[in-house]
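S.K.: Sequence:
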Amino acid sequence: MKKLFFLLAIFLSLSYATICNGTAEMELPAVSEGEEHTGELVLVKMRLIEGEGDMYVGTVPPTDYSLQGSLDTALTVAETLAGEDAGCDVLLRIDDESEYVQGPSGGAAFSILAYFLLTGNEMRDDVAITGAVNEEGIVMPVGGVYEKVLTAKSAGKEYFLTPVQSFEEKMMLESIGGITIYEVRDVEEALGFLLEGEIPEKKPLNLTVEPLPELAPYEGKDTPGFRRVSEGIMEREDEAVRGIGDEQLKEYLLEKAAQQEELIEKGYYYSAANDAFLNYILADSIIQVNNPDVEGKKEEVSGCLESVERPVLSYENSEWFMGAEARIKRAENQMEVYGDLGGGTKEENYFAVYQLDYALAWCQAAKDMYGIAEETGGSPMDTNVLRGHADILINISGNYSEIENSENYQNGMELYDEGRYAGAVYELAYALSFENKNLALITGANESDVEDINEGGRESLWGNVFKAHSQYLLETGDVGSAYGVAVFAREMEGIAQAIEEEKGEPGIIVELPGQDANATAEEEQECVCPECPEPACAAGYLLLILPLFIKNLVQKK
Numbered sequence: 000m001k002k003l004f005f006l007l008a009i010f011l012s013l014s015y016a017t018i019c020n021g022t023a024e025m026e027l028p029a030v031s032e033g034e035e036h037t038g039e040l041v042l043v044k045m046r047l048i049e050g051e052g053d054m055y056v057g058t059v060p061p062t063d064y065s066l067q068g069s070l071d072t073a074l075t076v077a078e079t080l081a082g083e084d085a086g087c088d089v090l091l092r093i094d095d096e097s098e099y100v101q102g103p104s105g106g107a108a109f110s111i112l113a114y115f116l117l118t119g120n121e122m123r124d125d126v127a128i129t130g131a132v133n134e135e136g137i138v139m140p141v142g143g144v145y146e147k148v149l150t151a152k153s154a155g156k157e158y159f160l161t162p163v164q165s166f167e168e169k170m171m172l173e174s175i176g177g178i179t180i181y182e183v184r185d186v187e188e189a190l191g192f193l194l195e196g197e198i199p200e201k202k203p204l205n206l207t208v209e210p211l212p213e214l215a216p217y218e219g220k221d222t223p224g225f226r227r228v229s230e231g232i233m234e235r236e237d238e239a240v241r242g243i244g245d246e247q248l249k250e251y252l253l254e255k256a257a258q259q260e261e262l263i264e265k266g267y268y269y270s271a272a273n274d275a276f277l278n279y280i281l282a283d284s285i286i287q288v289n290n291p292d293v294e295g296k297k298e299e300v301s302g303c304l305e306s307v308e309r310p311v312l313s314y315e316n317s318e319w320f321m322g323a324e325a326r327i328k329r330a331e332n333q334m335e336v337y338g339d340l341g342g343g344t345k346e347e348n349y350f351a352v353y354q355l356d357y358a359l360a361w362c363q364a365a366k367d368m369y370g371i372a373e374e375t376g377g378s379p380m381d382t383n384v385l386r387g388h389a390d391i392l393i394n395i396s397g398n399y400s401e402i403e404n405s406e407n408y409q410n411g412m413e414l415y416d417e418g419r420y421a422g423a424v425y426e427l428a429y430a431l432s433f434e435n436k437n438l439a440l441i442t443g444a445n446e447s448d449v450e451d452i453n454e455g456g457r458e459s460l461w462g463n464v465f466k467a468h469s470q471y472l473l474e475t476g477d478v479g480s481a482y483g484v485a486v487f488a489r490e491m492e493g494i495a496q497a498i499e500e501e502k503g504e505p506g507i508i509v510e511l512p513g514q515d516a517n518a519t520a521e522e523e524q525e526c527v528c529p530e531c532p533e534p535a536c537a538a539g540y541l542l543l544i545l546p547l548f549i550k551n552l553v554q555k556k
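Counting in numbering that gives the first Met the number 0, the sequence shown tops out at residue 556, every number present.
It is possible that part of the hints are untrue.
With a straight-line cut-off of 30 Å between C-alpha atoms, the simulated DSSO-like cross-links for lysine-lysine are [as the list claims (entries may be wrong)]: (1) Lys152 with Lys201; (2) Lys366 with Lys255; (3) Lys201 with Lys345; (4) Lys366 with Lys220; (5) Lys345 with Lys249; (6) Lys169 with Lys202; (7) Lys255 with Lys202.
Restraint ranges, calculated between C-beta atoms of paired labels, are given here [claimed, not checked]: (8) Glu260 with Lys201: 33 to 39 Å; (9) Ser301 with Gly82: 57 to 63 Å; (10) Gly295 with Lys220: 39 to 45 Å; (11) Glu234 with Asp381: 33 to 39 Å.
Hints listed in this document are in silico derivations from the structure and should not be mistaken for laboratory results.
For each residue, glycine too, the CB sits at the ideal point set by N, CA and C.
Put together the whole structure using the sequences plus the hints.
M.R.: Here it is, written out as structure tokens:
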């Protein structure tokens, strides 16, 4: 009997050593987050070693906050499917020369790597996969699927596994030939294909429009100017949708347009405009799916950008300037990146048209905003007033290690260097708001946190527009986006209030706070702002503009 127990102990020891040993690798499709939006395959290596179940991530370049959480979830899913609680330490390494690697879209791949390590199965190299993963093993949607599929195809992959696709993704992916695309609901279905060659069940095209959540009318200050902007976007959407030949698809998009009308009537102008913006791009590009005209689309975008007329900047129209300038920069950069893609394959040309439609839509919206800025008029503003606000935002950005990878941050810095400070303020504040959101989600931000940020009235244009949108997002269950938008609304409100207080006080320009930006709350309370422009008071003034950012600086350290 003792001999039997001894042999059993040896067997278990050897089994454990086998489990906590080995390396697996997979090429992971990725899309850069900067202005280039380039796709590439990134080599991901995972290794199991004996340990206490800890996970270590080593990446070149750096990753965003979410990769560690994505890896944790992926390993849990793999252990469940493999029937093994390995108790191993997991080492993940991503070697890549691109600027940035994000975590969520690698979740499904991480689960598969861990499963193959735990079971000793051999990886196949003709398949690429993208998708986040939750604790139940469901493969969740991610962005950039079209770009990732094209990248995998160019690299010679034969198959691509995606999460269950949205209607929009299905329409786009159908234009790609030369690679077989399958949708998988969960990691188990993906493993069935990878291990046994089981073809995933075909997922039906869903043309059902989800009902809107129960929404009370927005109770904040009305912004009729932005309602006009929203209705302009919706008119362009309607024109594009009615040009679609497929009646079923047309009916689907018209039904969504009817929901936008309901949102407009309840005061959720940005929510309606955002949906119309995306539907316009989809509809306009689908019309050209069989014969994409890249050169014609480039001419449209160039014509729009060349026709932009910028009014005189004033205290009263500065918010409109911020929104318009930011969108013009987005359109310019989109044109720069995708304007040279013509002359490729049909799917590459279609992708170029699709992306250039973003540039056109941004330009058109910016022209509408400049038009309202012209109507608003007002007391001329020295652009250095806005430069002072941009300086503060840039200084705060130094406390966020990943912000340089944000496209909005990059836009903001370019606008700043070009002397277009209104747009710089908008883009930098937006980038900071969503960096703040990323940190908050790590610490477990929830609905009540969003409601706390949205508490109180708003007087400014963007404060009200985005507070309403945050409330809408919260009702749809998208807490993360609702949090980021709520922070943005709050900070744009603070900036607008500060600009209003500066009006009529010539020579008062907010200075870069320098090291005093990190002053404690007690130090800030000693200042009386914004009357004095000294650095110490500028730090106190910072508390007025960006209270939530200051709160998180301590956490960041």
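S.K.: For each hint, tell me whether it holds in the structure or not.
M.R.: The hints, checked one at a time:
1. Lys152 with Lys201: Roughly 21 Å separates the two Cα atoms, so the pair holds.
2. Lys366 with Lys255: Holds, at about 25 Å.
3. Lys201 with Lys345: Holds, because 25 Å separates the two Cα atoms, which is no more than 30 Å.
4. Lys366 with Lys220: With a Cα-Cα distance of about 24 Å, the restraint between Lys366 and Lys220 holds, given a limit of 30 Å.
5. Lys345 with Lys249: Holds, at roughly 23 Å.
6. Lys169 with Lys202: Judged against 30 Å, a Cα distance of about 10 Å means the pair holds.
7. Lys255 with Lys202: 22 Å, holds
8. Glu260 with Lys201: 33 to 39 Å: 34 Å, holds
9. Ser301 with Gly82: 57 to 63 Å: 59 Å, holds
10. Gly295 with Lys220: 39 to 45 Å: 42 Å, holds
11. Glu234 with Asp381: 33 to 39 Å: 36 Å, holds
Checked against the numbered hints given earlier, the structure satisfies every one of them.
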